[in-house]
Amino acid sequence: MHLGRNEQGEPWTRLGGGQRFAWHRFAGAPGRLAFTLLVLFAIAFGTGSSRAEQPDALSAIRAKMEEGQGLFLAGKYAEAARAFESGYASHPYSAFLFNAGVCHQKSNSPEAAQQAFEAYLAKDPHAPDAPDVKKRLVELAALIAARKAAETAPASTDGPALEQPNLAETPVDSTMKSLVVVETEPEGAPLSLYRRSMDDAAPFVAERKDNPGWELVAARTTPADLTLAVGRYHVVIDKFREFNRSETDIDVSAGHVHQFKANLSQGAFLGFLRVSCAAKNTRIYLDDDGQRQSMWGVAPHGELVKPGEHKLILEAPGYVPSEQTVMIEAGDNREINVELERVAHGVVRFDGTAPEIAVYEGDVFLGSWREGAPALELHLPGGPHQLHIRARGHKDLRTEIDVPRGQILPVRANMVKKYPRGAAWTQAALAVALIGASTYFAVESDNLENQLLRERSLGTLSSTDPRMDQGYWYSIGANGGFALGGIFGLLATYNFIRDPYPDSELRRGKKMDFKPPADDVVGGAQ
Amino acid sequence: MNAARRIAPVLLLAAALGCSWDRFDALRDGTPVVDLSPPAGMELDFGATLAGLAAGDRTSVLVGSAPQSSGASVYLLGLDEDAAAAAADSNYCPASNDSRMCHLAAQPASLQIAVSPSGRTRANCFVTGVGRAVSDVGLWISCEDTAEFTIPVPADIESEVVEPALAGSGSPDVVLASERASDSALVAGVGELSRAFYYEPSSFTPLDLTVAAGAPASFGAAVAVLGTASGRVLAVGAPGVAELHLFAADGTGPVQLGCLTGPDGFGRTLAAGDFDGDGSADLAVSDDAEVRIVSGQLIGELPAAAAAGCTLSLDSLVLSTLSCSNFGEARDCAGSRFGGALAIADFDGDGEAEVAVGAPRMTVRGHEDAGAVLVFDRAGAVVDARYTSTTGPGHLFGARLVALPQSDRDILAVTAPGAAAASVVYCATLAGSGNSPRCP
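Read top to bottom, the protein sequences are chains A and B. Quick note: the first sequence uses the working numbering, first residue -3, plus one each step. Quick note: the second sequence uses the working numbering, first residue 82, plus one each step.
None of these hints come from the bench; they were simulated from the model. Backbone N, C-alpha and C define an ideal beta-carbon position, used for all residues, glycine too. Check the hints yourself; a few may be wrong.
Footprint (simulated), chain A over chain B, 3 or more residues, beta carbon under 8 Å [to be verified]: (1) 324 to 334; (2) 467 to 480.
Chain A residues, not near chain B, derived (Cβ > 12 Å throughout) [what the hints assert, rightly or not]: (3) Val129; (4) Ser188; (5) Gly378; (6) Pro416; (7) Glu445; (8) Arg450; (9) Arg452; (10) Ser459; (11) Arg463; (12) Gln466; (13) Gly467.
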């Protein structure tokens, strides 16, 4: 930043693009009234009509201008011409027409170039470069005529055919022009714009009648929009009502939109602060003293601020609030980009496909979700977590989830019903019953055998002792029962193990940022 | 599937080892007691009468229905513990028609050799009771070759016993006895008529046994034949008067040897067998409470008509006196009808005889009147009590018993009329004989 001084010895503030603001007190005003001229420039923003444009419109104008400029620099002249013409259709500034004409010239379309320049003059007959444009039109007319002559000349076998003149090969001034918007508060102030015609010209001094190397190119009242060629200019806001004169140098670059604003009513020299942040919906509090009662804006946001120390607080959903102090001096143009750090926790927004689902981390119950209810929001520390998700009648789901810091991870548990085990349980019950009965019969048969062996050892065992038949059939029953029980056991085991259904799974959605509170106004860039 | 693989061997092992049923087949094939199957029509009174026959390798037993009824079956027992439970012949006391009618004696007998009135000699016969064969009446004899005939009885017996029996009007019980010998005499008694008579070997002529002083009441209620070194002796009990009358039968007719008297009921049951191993059959005599073994040799040495009255000294002839006592699971001697059936034989194959005494109303394993057979050794001590694993209340096991030979020992055939059962008891002691498949 370079600081100059105005005629009262107050400092100039040279900002970013080389533009210079000056302020001075209005000559006829009471001594207590100090007028401050603050020239703001916002190269990054577009302009509108001669009236102050809304920020969105300025951005659109700037976007169109830069789109055309970019295409032009890439050598895509026809596309660049269409971009400028499109810009003019939306925002009828004559700079679009001039640039479109240049592009047509470069694309060897003299008729289109002619139309564009003619429209330019029609739109802004007092343009500073009107003579030059008229000269271009003459040259274009000659060229067009030469082309027609070449087209209508009979073909000759004796001599060479007339060569078609190529406009693209014709040396022309192909410099893009820029739109310069000069505004004041209040409006209606007289504006004089001088262009430095000599590179070694001395600095412009308003009190001097003759400033060699400077020439007056426009005299308007504010607000005014001007189509200017690349170069250094000097803006003079003459005495207006009770306000003093104000002036500043400006450098106009090719294919841009420049906006200058002089606030004549301020008693102090204001600075411009613009705060940007990559985080979405970042709310900016300026000198709010931590109360969060009055939001300054939503990043990116720029605004005139009083010179001095300002407390800047940025808050964004999912981020740790940032707090810092910024020193803004008069006429300062400060651009601050703040990087916020995400909060340590994240939110898992959970729902599922079962009527009721419980979520555990290890043995810790985290919450449950029911069908029809809003998604369950689990606030968890960022990082991996082992979740155990359970739903009655459904397969348990054990999975690891990586909780994003400061973000919402929507997940849906696709709970798959457990494979019906009715047949398996029936078979198992039969197996148990059969094996149980078989065990009973086996034990009983053993008991009977022991009794019979004792009888035999006593010599009393009778051949018709019914316990022999009883034990015999008990043994057969036990064997049959064991066999059947084993078969049913195997079937039950198979049917317990068999599971044709897929496992439950957790479907992860796209991570989302935290939403701002409902009363937040998410504005555009300033 | 891993679980199934683990379970399957366990199940198979359990099935293979824990529950094989053929172990019961093995038990059934070698039971120490073989129950004889009653033929059709004999299910109710089966085992009420019993007789045994031993002739060389032919060992059989006759099991009949109630006395005075018809129907008796013969079972072949063999000599090697291979008794057939099914009857070999069920027509040993038929009642087909008036010309083929038999009524069982209370105690049948067997004859290795029998001669029919036609003069034909028959082998392996049972004298089952009284009856009519064609037109002849008398004692009914059925033989192994299916021959059936009667031998004459004294006229009074025919009129008072045989004919009423054939008429179905009720008749006195007849008891029969013979020796375990090929030339056995046959003795018969009718206690109700105080009558006894006998047949010499191979004879079908009845010879009356008379008492000089007159037959006492119940004379002939029990009879026995003893082969002694001095000759054949016939014993006739008169339990009503507690007398035992002895006769010599040397082929020339009966000669009264004398009379023994004993406690009440003396002479109730008689059985012959060589108890003391002296080669002479001894006589087991039961009374209402005890059993006495009377020396056959001493009896044989008694002089003919030594005493006209009943004056012989019992004590001088008795070898052993057997009293009922609890043994094993057999209890309650009082009222056990100890001595209701008797047999003298070598049941354990040790060369010394034991005495089997039926006590059909003993309590066994808590079952009243289940019945048991007590076995006594020479010393008169109880060494065994026989009953079966199926013995139950009221079975009256031991109501009838008979000793039969095996190749190495004697066995018992015992009936339990209360259960309509008859069993062949192979093992001699409660601990088992320990030397045969059925008695390990």
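**Message:** Name the hints, by number, that the structure is in violation of.
**Reply:** The structure breaks hints 1, 7, 8, 9, 10, 11, 12 and 13; every other hint is satisfied.
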